[in-house]
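Asks: Single-letter residue listing:
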Amino acid sequence: MTMRDQAFDQVAKNLGYSFDGEIKIGGNYVPCLREGNTFYVSGQIPRIGNEVVVTGKAGLEVSLQEAQKAAQICVMRALALLQRSLGSLDALTAVPRITVYVQSSADFTQQSEVADGASNVLFEILGEVGRHTRTSVGVYQLPKNATVELDMIATVASPLNP
Amino acid sequence: MTMRDQAFDQVAKNLGYSFDGEIKIGGNYVPCLREGNTFYVSGQIPRIGNEVVVTGKAGLEVSLQEAQKAAQICVMRALALLQRSLGSLDALTAVPRITVYVQSSADFTQQSEVADGASNVLFEILGEVGRHTRTSVGVYQLPKNATVELDMIATVASPLNP
Amino acid sequence: MTMRDQAFDQVAKNLGYSFDGEIKIGGNYVPCLREGNTFYVSGQIPRIGNEVVVTGKAGLEVSLQEAQKAAQICVMRALALLQRSLGSLDALTAVPRITVYVQSSADFTQQSEVADGASNVLFEILGEVGRHTRTSVGVYQLPKNATVELDMIATVASPLNP
Chain Z
1 MTMRDQAFDQ VAKNLGYSFD GEIKIGGNYV PCLREGNTFY VSGQIPRIGN EVVVTGKAGL
61 EVSLQEAQKA AQICVMRALA LLQRSLGSLD ALTAVPRITV YVQSSADFTQ QSEVADGASN
121 VLFEILGEVG RHTRTSVGVY QLPKNATVEL DMIATVASPL NP
Chain R
1 MTMRDQAFDQ VAKNLGYSFD GEIKIGGNYV PCLREGNTFY VSGQIPRIGN EVVVTGKAGL
61 EVSLQEAQKA AQICVMRALA LLQRSLGSLD ALTAVPRITV YVQSSADFTQ QSEVADGASN
121 VLFEILGEVG RHTRTSVGVY QLPKNATVEL DMIATVASPL NP
Chain Y
1 MTMRDQAFDQ VAKNLGYSFD GEIKIGGNYV PCLREGNTFY VSGQIPRIGN EVVVTGKAGL
61 EVSLQEAQKA AQICVMRALA LLQRSLGSLD ALTAVPRITV YVQSSADFTQ QSEVADGASN
121 VLFEILGEVG RHTRTSVGVY QLPKNATVEL DMIATVASPL NP
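Chains as they are written, first to last, in our numbering: chain Z, 1 to 162; chain R, 1 to 162; chain Y, 1 to 162.
Treat the hints as calculated values from the structure; they're not laboratory data. Values in this document were obtained by computation on a predicted structure and should not be read as measured data. No residue lacks a Cβ here, since even glycine has one placed at the ideal position from N, Cα and C. Don't take every hint at face value.
[Unchecked claim] Some chain R residues near chain Z, calculated using beta-carbon distances under 8 Å:
| # | residue |
| --- | --- |
| 1 | Gln10 |
| 2 | Val11 |
| 3 | Asn14 |
| 4 | Gly87 |
| 5 | Phe108 |
[Unchecked claim] Far from chain R, some chain Y residues (derived; all Cβ distances over 10 Å):
| # | residue |
| --- | --- |
| 6 | Met1 |
| 7 | Thr99 |
| 8 | Arg134 |
| 9 | Gly138 |
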């Protein structure tokens, strides 16, 4: 097991969740898709097995800390999907973009702080390769009343762009 | 006419709308743009000619079924734009990403089910090439009070990546 | 100084803001990132130095004209980041996508008109190269109560795709 995959397991352990089971999605689409050397990962909500473990509006029903935890679970799901597609997180060469949607109360303006939950995980597991651009916004609702949804674009080395 | 273009016409007929006229947009931008072998399609709302045919908040003024129909119209507009740029939908090789924004009431959490309206159309018309990643979120408002807005990234074969 | 960089300075002057200082961001991520010949720019809010200069909901606390100004500042920040990375805006070859998030009141439906503020700047500074696809949506909140957030994908010439 490589350093990155070990770091992934350590973050999962610290979170108190396992990402070994099926990464369930809720509709007629695919969880991730490779196009050339780019991987697109579908929007992830903080679902563990069948349960969405963080629901409701940040700033009202959900604290900043709980919302950050939701963001961590979302990004761990995205990484778990990439790990399964690639065999190991070692194949990743960059994470050009994440978008973080935070279900927010009317006056909750800490979407960036919520998204830092995910960003910190990327740096912790991938180091410099985890450098990413980010957009975080406050939305009105999310599927299954999730507090956070996160999607990702990641890249792997290719023969054309090694 | 190819199988995909025939399937497009059949879906249009079933929806009861024609996509033969101008695909109007509402601002100073372009409806789609090719960069290398990637096509970016601007956010589409369910507009037929000059009229946005599904407006208002899903879960309040708009039923799930009507919102799904809005998503279908959005994705048909995106495909119509690609068809015109390429001559035929046969040139498409992948649809790596769609993002589906659903104007939602405070407690409407079926954004995924709404987005399935669009996803099903992609599979029906493009078959395996219609496989896509997806992000669906619940927003507070959309241009012209549209119920759904959808954007897309699609790819075509290129000399470098045939 | 090239024509594009001169046009950038002229737009900045007309806006009444300088983009010479640090382009501050609010979290653990990078403001822009190059992957191959594609640049991803993180979500930009209308911040000048330490101050977010346009805050609140469009249609309620913020007029259409002020929201358009916010969109202009966002896109100028994005261009300033690219200018610094590339030495000059002359290196840009395309702007395939911008996404414009507008903090909106319940019945504000002019997100497209707000986004035109940014789109017009792209055409003014980059000419034909400023042609772009666009998605504009109305969100419930944004980081630091910003009225607008905007992200961008831009491209430069590469050896493989000159």
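Asks: Take the hints in turn and mark each one as holding or not.
Replies: To see whether the hints hold, each was checked on the structure:
no.	hint	in the structure
1	Gln10	violated (19 Å)
2	Val11	violated (15 Å)
3	Asn14	violated (17 Å)
4	Gly87	violated (22 Å)
5	Phe108	holds (6 Å)
6	Met1	holds (26 Å)
7	Thr99	violated (8 Å)
8	Arg134	violated (4 Å)
9	Gly138	violated (3 Å)
Violated hints, in rising order: 1, 2, 3, 4, 7, 8 and 9; the structure is consistent with all others.
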